[in-house]
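> Sequence:
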Amino acid sequence: MSIYVDIEKTLGDFRLEVNFSAGNEILALLGASGCGKSMTLNCIAGIVKPDRGRIVLDGVTLFDSEKHINLPAQARRTGILFQNYALFPNMTVLQNIRMGAKREKDPAERERITQEVIDSFGLKELINHYPHQLSGGQQQRTALARILVSKPNILLLDEPFSALDSHLRFRLEQEVADILKKLSKTVIFVSHDRDEVYRIADTVAVMNNGSIDVIGEKKQIFASPVTKTAAMLTGCKNISRIRRLSAGRIFAEDWGIELSAEDAEADHVGIRMHDIAFGSRGDNTFKCNVVSVTENPFSYTVMLRPLQAPCHCIPIGVVCSKAEWQSIAADEIDISIEPQKIILLKG
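Counted from 1, the sequence shown has number 70 at position 67 by the working numbering; the numbering is strictly sequential.
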(Lines of atoms letter the chains of each structure in order from A and count residues from 1; the text may use other names and numbers.)
(Lines give C-alpha, C1' and ligand atoms only; values in the text may rest on other atoms or scores of the structure.)
Protein backbone atom coordinates (compact mmCIF):
# COMPACT_ATOMS: atom_id res chain seq x y z
CA MET A 1 0.00 0.00 0.00
CA SER A 2 1.28 3.47 -0.85
CA ILE A 3 0.12 6.98 -1.63
CA TYR A 4 1.62 9.84 -3.62
CA VAL A 5 0.26 13.36 -3.16
CA ASP A 6 1.30 16.48 -5.08
CA ILE A 7 -1.49 19.06 -4.98
CA GLU A 8 -2.31 22.75 -4.80
CA LYS A 9 -5.53 24.36 -3.61
CA THR A 10 -6.39 28.03 -3.04
CA LEU A 11 -9.30 29.11 -0.86
CA GLY A 12 -9.50 32.87 -0.39
CA ASP A 13 -6.17 34.04 1.03
CA PHE A 14 -5.09 30.52 1.97
CA ARG A 15 -2.96 28.41 -0.35
CA LEU A 16 -2.31 24.69 0.15
CA GLU A 17 0.74 23.29 -1.64
CA VAL A 18 1.88 19.86 -0.46
CA ASN A 19 4.03 17.10 -1.91
CA PHE A 20 4.67 13.83 -0.06
CA SER A 21 4.46 10.05 -0.31
CA ALA A 22 3.90 7.29 2.25
CA GLY A 23 3.95 3.49 2.33
CA ASN A 24 2.67 0.96 4.87
CA GLU A 25 3.18 3.32 7.77
CA ILE A 26 1.48 5.85 10.00
CA LEU A 27 2.26 9.31 8.69
CA ALA A 28 1.36 12.19 11.01
CA LEU A 29 0.62 15.66 9.68
CA LEU A 30 1.65 17.82 12.64
CA GLY A 31 0.75 21.49 12.65
CA ALA A 32 -1.18 24.35 14.22
CA SER A 33 -4.87 24.95 13.52
CA GLY A 34 -5.48 26.37 10.05
CA CYS A 35 -2.22 25.13 8.49
CA GLY A 36 -3.94 22.86 5.96
CA LYS A 37 -3.82 19.44 7.65
CA SER A 38 -7.54 18.67 7.39
CA MET A 39 -7.78 20.15 3.90
CA THR A 40 -5.06 17.75 2.78
CA LEU A 41 -7.10 14.80 4.09
CA ASN A 42 -10.25 16.12 2.42
CA CYS A 43 -8.45 16.39 -0.92
CA ILE A 44 -7.28 12.78 -0.64
CA ALA A 45 -10.77 11.59 0.34
CA GLY A 46 -12.43 13.43 -2.57
CA ILE A 47 -14.35 15.87 -0.37
CA VAL A 48 -12.37 18.84 -1.70
CA LYS A 49 -11.12 19.07 -5.28
CA PRO A 50 -7.56 20.40 -5.65
CA ASP A 51 -6.86 23.09 -8.24
CA ARG A 52 -3.84 21.25 -9.61
CA GLY A 53 -1.77 18.12 -9.13
CA ARG A 54 -2.01 14.36 -8.69
CA ILE A 55 -3.10 11.87 -6.03
CA VAL A 56 -2.21 8.20 -6.63
CA LEU A 57 -3.22 5.44 -4.20
CA ASP A 58 -1.75 1.95 -4.69
CA GLY A 59 -1.20 2.66 -8.38
CA VAL A 60 -4.73 3.98 -8.92
CA THR A 61 -4.99 7.65 -9.89
CA LEU A 62 -7.60 9.33 -7.71
CA PHE A 63 -6.95 12.81 -9.06
CA ASP A 64 -4.95 14.21 -11.97
CA SER A 65 -5.64 17.75 -13.08
CA GLU A 66 -3.81 17.34 -16.41
CA LYS A 67 -5.64 14.12 -17.33
CA HIS A 68 -8.95 15.43 -15.96
CA ILE A 69 -9.29 12.53 -13.52
CA ASN A 70 -11.24 13.12 -10.32
CA LEU A 71 -12.73 9.95 -8.85
CA PRO A 72 -15.79 10.52 -6.65
CA ALA A 73 -15.32 10.02 -2.92
CA GLN A 74 -17.25 6.74 -2.86
CA ALA A 75 -14.96 5.23 -5.52
CA ARG A 76 -11.68 6.07 -3.77
CA ARG A 77 -11.71 3.32 -1.10
CA THR A 78 -10.58 5.80 1.54
CA GLY A 79 -11.74 5.57 5.15
CA ILE A 80 -11.86 8.91 6.96
CA LEU A 81 -12.56 9.36 10.68
CA PHE A 82 -13.74 12.87 11.53
CA GLN A 83 -13.43 14.60 14.90
CA ASN A 84 -17.17 14.23 15.57
CA TYR A 85 -17.22 10.56 14.39
CA ALA A 86 -20.32 11.21 12.15
CA LEU A 87 -22.35 8.25 13.43
CA PHE A 88 -25.96 7.96 12.29
CA PRO A 89 -27.94 9.02 15.41
CA ASN A 90 -31.04 6.95 14.51
CA MET A 91 -29.06 3.72 14.07
CA THR A 92 -27.69 1.31 16.66
CA VAL A 93 -24.05 0.36 16.90
CA LEU A 94 -24.75 -2.76 14.86
CA GLN A 95 -26.64 -0.84 12.18
CA ASN A 96 -23.93 1.82 11.95
CA ILE A 97 -21.24 -0.80 11.44
CA ARG A 98 -23.34 -2.73 8.91
CA MET A 99 -23.58 0.48 6.88
CA GLY A 100 -19.82 0.36 6.46
CA ALA A 101 -20.04 -3.18 5.06
CA LYS A 102 -22.65 -2.40 2.40
CA ARG A 103 -20.05 -2.63 -0.39
CA GLU A 104 -19.93 -6.41 0.21
CA LYS A 105 -22.62 -7.98 -2.01
CA ASP A 106 -22.80 -11.41 -0.34
CA PRO A 107 -25.15 -11.08 2.71
CA ALA A 108 -23.45 -13.92 4.59
CA GLU A 109 -19.98 -12.47 4.08
CA ARG A 110 -21.26 -9.00 4.98
CA GLU A 111 -22.59 -10.33 8.28
CA ARG A 112 -19.40 -12.30 8.96
CA ILE A 113 -17.07 -9.32 8.59
CA THR A 114 -19.47 -7.13 10.60
CA GLN A 115 -19.45 -9.56 13.53
CA GLU A 116 -15.68 -10.01 13.23
CA VAL A 117 -14.99 -6.31 13.58
CA ILE A 118 -17.54 -5.94 16.39
CA ASP A 119 -15.68 -8.64 18.34
CA SER A 120 -12.26 -7.16 17.64
CA PHE A 121 -13.35 -3.72 18.86
CA GLY A 122 -15.03 -5.04 22.01
CA LEU A 123 -18.46 -3.74 21.00
CA LYS A 124 -20.53 -6.93 21.39
CA GLU A 125 -22.29 -5.72 24.53
CA LEU A 126 -23.19 -2.40 22.87
CA ILE A 127 -24.64 -3.51 19.54
CA ASN A 128 -28.19 -2.37 20.43
CA HIS A 129 -27.13 1.00 21.84
CA TYR A 130 -27.64 4.27 19.95
CA PRO A 131 -24.84 6.86 19.64
CA HIS A 132 -26.30 9.10 22.37
CA GLN A 133 -26.08 6.15 24.78
CA LEU A 134 -22.34 5.70 24.18
CA SER A 135 -19.35 7.35 25.81
CA GLY A 136 -16.94 9.33 23.63
CA GLY A 137 -14.56 6.37 23.52
CA GLN A 138 -17.32 3.94 22.56
CA GLN A 139 -18.46 6.28 19.79
CA GLN A 140 -14.92 6.47 18.48
CA ARG A 141 -14.52 2.68 18.44
CA THR A 142 -17.86 2.33 16.65
CA ALA A 143 -16.88 4.91 14.02
CA LEU A 144 -13.50 3.27 13.45
CA ALA A 145 -15.12 -0.18 13.22
CA ARG A 146 -17.57 1.15 10.61
CA ILE A 147 -14.65 2.44 8.55
CA LEU A 148 -12.52 -0.71 8.78
CA VAL A 149 -15.39 -3.06 7.92
CA SER A 150 -15.51 -1.32 4.52
CA LYS A 151 -11.92 -2.52 3.87
CA PRO A 152 -10.46 0.87 2.85
CA ASN A 153 -7.13 1.06 1.03
CA ILE A 154 -6.05 3.98 3.19
CA LEU A 155 -7.14 5.28 6.58
CA LEU A 156 -7.38 9.03 7.23
CA LEU A 157 -7.72 10.20 10.85
CA ASP A 158 -8.60 13.84 11.51
CA GLU A 159 -7.74 14.76 15.14
CA PRO A 160 -9.32 11.47 16.30
CA PHE A 161 -8.75 12.00 20.04
CA SER A 162 -9.42 15.73 20.38
CA ALA A 163 -12.96 15.31 21.78
CA LEU A 164 -11.90 12.95 24.59
CA ASP A 165 -10.76 13.76 28.12
CA SER A 166 -7.08 13.19 28.85
CA HIS A 167 -7.42 9.88 30.74
CA LEU A 168 -9.69 8.24 28.16
CA ARG A 169 -7.67 9.79 25.37
CA PHE A 170 -4.43 8.11 26.41
CA ARG A 171 -6.05 4.67 26.84
CA LEU A 172 -7.88 4.79 23.51
CA GLU A 173 -4.80 6.12 21.80
CA GLN A 174 -2.98 2.94 22.76
CA GLU A 175 -5.88 0.73 21.63
CA VAL A 176 -6.14 2.51 18.27
CA ALA A 177 -2.36 2.49 17.79
CA ASP A 178 -2.33 -1.31 18.24
CA ILE A 179 -5.10 -1.68 15.65
CA LEU A 180 -3.39 0.63 13.16
CA LYS A 181 -0.05 -1.17 13.36
CA LYS A 182 -1.75 -4.48 12.47
CA LEU A 183 -3.50 -3.08 9.39
CA SER A 184 -0.61 -3.11 6.90
CA LYS A 185 -2.14 -0.05 5.28
CA THR A 186 -1.17 3.56 4.78
CA VAL A 187 -2.53 5.68 7.62
CA ILE A 188 -2.46 9.49 7.57
CA PHE A 189 -3.08 10.96 10.98
CA VAL A 190 -3.71 14.68 11.61
CA SER A 191 -2.84 16.22 14.97
CA HIS A 192 -1.51 19.34 16.68
CA ASP A 193 -0.44 17.31 19.76
CA ARG A 194 3.27 16.48 19.60
CA ASP A 195 3.12 13.82 22.36
CA GLU A 196 0.26 12.03 20.60
CA VAL A 197 2.17 12.15 17.32
CA TYR A 198 5.34 10.79 18.91
CA ARG A 199 3.50 7.86 20.47
CA ILE A 200 1.55 6.86 17.35
CA ALA A 201 3.36 7.90 14.15
CA ASP A 202 6.23 6.32 12.23
CA THR A 203 6.88 9.37 10.05
CA VAL A 204 6.12 13.04 10.76
CA ALA A 205 5.41 15.83 8.30
CA VAL A 206 5.43 19.24 9.95
CA MET A 207 2.99 21.61 8.23
CA ASN A 208 3.15 25.39 8.27
CA ASN A 209 0.92 27.83 6.37
CA GLY A 210 -0.27 25.31 3.79
CA SER A 211 2.98 23.55 3.03
CA ILE A 212 5.21 20.85 4.51
CA ASP A 213 8.06 22.43 6.42
CA VAL A 214 9.99 19.21 7.02
CA ILE A 215 9.25 15.48 6.78
CA GLY A 216 11.11 12.48 8.13
CA GLU A 217 11.35 9.59 10.56
CA LYS A 218 9.71 10.50 13.86
CA LYS A 219 12.76 10.26 16.15
CA GLN A 220 14.91 12.21 13.69
CA ILE A 221 12.37 15.05 13.42
CA PHE A 222 12.16 15.40 17.22
CA ALA A 223 15.94 15.14 17.69
CA SER A 224 16.84 17.50 14.84
CA PRO A 225 13.79 19.51 13.74
CA VAL A 226 15.78 21.70 11.26
CA THR A 227 13.26 24.56 11.09
CA LYS A 228 11.94 27.00 13.70
CA THR A 229 8.36 25.85 13.08
CA ALA A 230 9.28 22.18 13.50
CA ALA A 231 11.17 22.95 16.70
CA MET A 232 8.20 24.81 18.18
CA LEU A 233 5.70 22.11 17.20
CA THR A 234 7.89 19.36 18.66
CA GLY A 235 7.98 21.16 21.99
CA CYS A 236 11.12 23.33 21.98
CA LYS A 237 10.28 26.44 24.04
CA ASN A 238 13.68 28.14 24.11
CA ILE A 239 14.21 29.70 20.67
CA SER A 240 16.33 32.73 19.79
CA ARG A 241 17.54 34.57 16.70
CA ILE A 242 21.27 34.22 16.18
CA ARG A 243 24.19 36.07 14.69
CA ARG A 244 27.30 34.13 13.67
CA LEU A 245 30.48 35.44 15.32
CA SER A 246 33.11 32.98 14.06
CA ALA A 247 33.55 29.28 13.33
CA GLY A 248 31.75 27.44 16.11
CA ARG A 249 30.58 30.63 17.90
CA ILE A 250 27.16 32.28 17.72
CA PHE A 251 25.40 35.10 19.55
CA ALA A 252 21.83 34.37 20.69
CA GLU A 253 20.26 37.80 20.28
CA ASP A 254 17.08 37.16 22.26
CA TRP A 255 18.98 35.74 25.25
CA GLY A 256 21.99 38.10 25.08
CA ILE A 257 24.64 35.35 25.30
CA GLU A 258 27.43 33.83 23.22
CA LEU A 259 27.38 30.08 22.63
CA SER A 260 29.77 27.45 21.35
CA ALA A 261 27.83 25.45 18.76
CA GLU A 262 28.38 23.22 15.78
CA ASP A 263 28.59 24.98 12.41
CA ALA A 264 25.43 24.86 10.25
CA GLU A 265 23.34 27.09 8.03
CA ALA A 266 20.91 28.67 10.50
CA ASP A 267 19.33 31.91 11.65
CA HIS A 268 17.77 30.63 14.90
CA VAL A 269 18.85 28.41 17.77
CA GLY A 270 16.73 26.14 19.97
CA ILE A 271 17.45 24.47 23.30
CA ARG A 272 14.95 22.11 24.88
CA MET A 273 14.17 22.87 28.52
CA HIS A 274 15.23 19.43 29.74
CA ASP A 275 18.60 19.70 27.92
CA ILE A 276 19.84 22.54 30.17
CA ALA A 277 21.75 21.41 33.25
CA PHE A 278 22.30 23.18 36.55
CA GLY A 279 25.92 23.73 37.51
CA SER A 280 29.11 24.91 35.82
CA ARG A 281 30.52 22.63 33.08
CA GLY A 282 32.25 23.50 29.83
CA ASP A 283 32.18 26.58 27.61
CA ASN A 284 28.46 27.26 27.65
CA THR A 285 28.14 28.08 31.34
CA PHE A 286 26.22 31.12 32.54
CA LYS A 287 25.38 32.61 35.91
CA CYS A 288 21.72 33.63 35.85
CA ASN A 289 19.15 35.53 37.85
CA VAL A 290 16.04 33.54 38.68
CA VAL A 291 13.14 35.42 37.06
CA SER A 292 10.32 33.07 38.05
CA VAL A 293 9.62 29.57 39.33
CA THR A 294 6.42 27.79 38.28
CA GLU A 295 5.30 24.63 40.04
CA ASN A 296 3.93 21.86 37.82
CA PRO A 297 2.36 18.63 39.18
CA PHE A 298 5.67 16.75 39.12
CA SER A 299 8.31 19.34 38.20
CA TYR A 300 9.31 23.00 38.29
CA THR A 301 9.75 25.35 35.34
CA VAL A 302 12.46 27.87 36.17
CA MET A 303 12.89 31.01 34.03
CA LEU A 304 16.44 32.40 34.08
CA ARG A 305 18.15 35.49 32.65
CA PRO A 306 21.96 35.40 32.26
CA LEU A 307 23.63 38.16 34.32
CA GLN A 308 25.37 39.62 31.26
CA ALA A 309 22.11 39.84 29.28
CA PRO A 310 20.24 43.19 29.07
CA CYS A 311 16.98 43.29 31.03
CA HIS A 312 14.90 43.32 27.82
CA CYS A 313 16.24 39.88 26.82
CA ILE A 314 13.94 36.86 26.94
CA PRO A 315 14.53 34.49 29.89
CA ILE A 316 15.67 30.91 29.27
CA GLY A 317 13.41 28.15 30.57
CA VAL A 318 14.64 25.05 32.40
CA VAL A 319 12.49 22.15 33.60
CA CYS A 320 13.64 19.97 36.50
CA SER A 321 12.33 17.61 39.13
CA LYS A 322 10.96 19.05 42.36
CA ALA A 323 13.66 17.33 44.37
CA GLU A 324 16.44 18.78 42.20
CA TRP A 325 15.17 22.36 42.42
CA GLN A 326 14.48 22.18 46.14
CA SER A 327 18.08 21.08 46.70
CA ILE A 328 19.65 24.00 44.77
CA ALA A 329 17.06 26.82 44.88
CA ALA A 330 18.65 30.29 45.00
CA ASP A 331 18.25 33.79 43.54
CA GLU A 332 21.30 33.26 41.32
CA ILE A 333 22.27 29.97 39.76
CA ASP A 334 24.67 28.53 37.17
CA ILE A 335 23.44 26.66 34.11
CA SER A 336 25.37 24.83 31.40
CA ILE A 337 24.42 23.81 27.87
CA GLU A 338 26.30 21.12 25.97
CA PRO A 339 27.07 22.18 22.35
CA GLN A 340 25.50 18.98 20.97
CA LYS A 341 22.24 19.85 22.71
CA ILE A 342 21.99 23.12 20.78
CA ILE A 343 19.62 22.85 17.81
CA LEU A 344 20.47 25.13 14.87
CA LEU A 345 17.38 26.12 12.92
CA LYS A 346 16.27 27.85 9.75
CA GLY A 347 13.51 30.40 10.22
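Since the hints were derived computationally from the structure, they do not count as laboratory data. The C-beta atom is built at its ideal place from N, Cα and C for all residues, glycine as well. Keep in mind that a hint or two might mislead.
To be verified - Using C-beta positions, here's what the derived DEER-type ranges look like: (1) L248 with G139: 49 to 57 angstroms; (2) G15 with H315: 34 to 42 angstroms; (3) D122 with A76: 26 to 34 angstroms; (4) S214 with S169: 25 to 33 angstroms; (5) S214 with L248: 27 to 35 angstroms.
> Indicate whether the distance between the beta carbons of S214 and S169 respects the range 25 to 33 angstroms.
At 31 angstroms between Cβs, range holds.
> Is it true that D122 and A76 lie within 26 to 34 angstroms of each other by Cβ?
holds, 29 angstroms
> So the hint says 34 to 42 angstroms: do the beta-carbon atoms of G15 and H315 match that?
Given a distance of about 38 angstroms, which is inside 34 to 42 angstroms, the answer is holds.
> With 49 to 57 angstroms as the target window, see if L248 and G139 comply at their CB atoms.
holds, 53 angstroms
> Per the hint of 27 to 35 angstroms, is the separation of the Cβ atoms of S214 and L248 within bounds?
Holds, since S214 and L248 (Cβ atoms, about 32 angstroms apart) stay within the stated range.
Taken one by one, the earlier hints all hold for this structure without exception.
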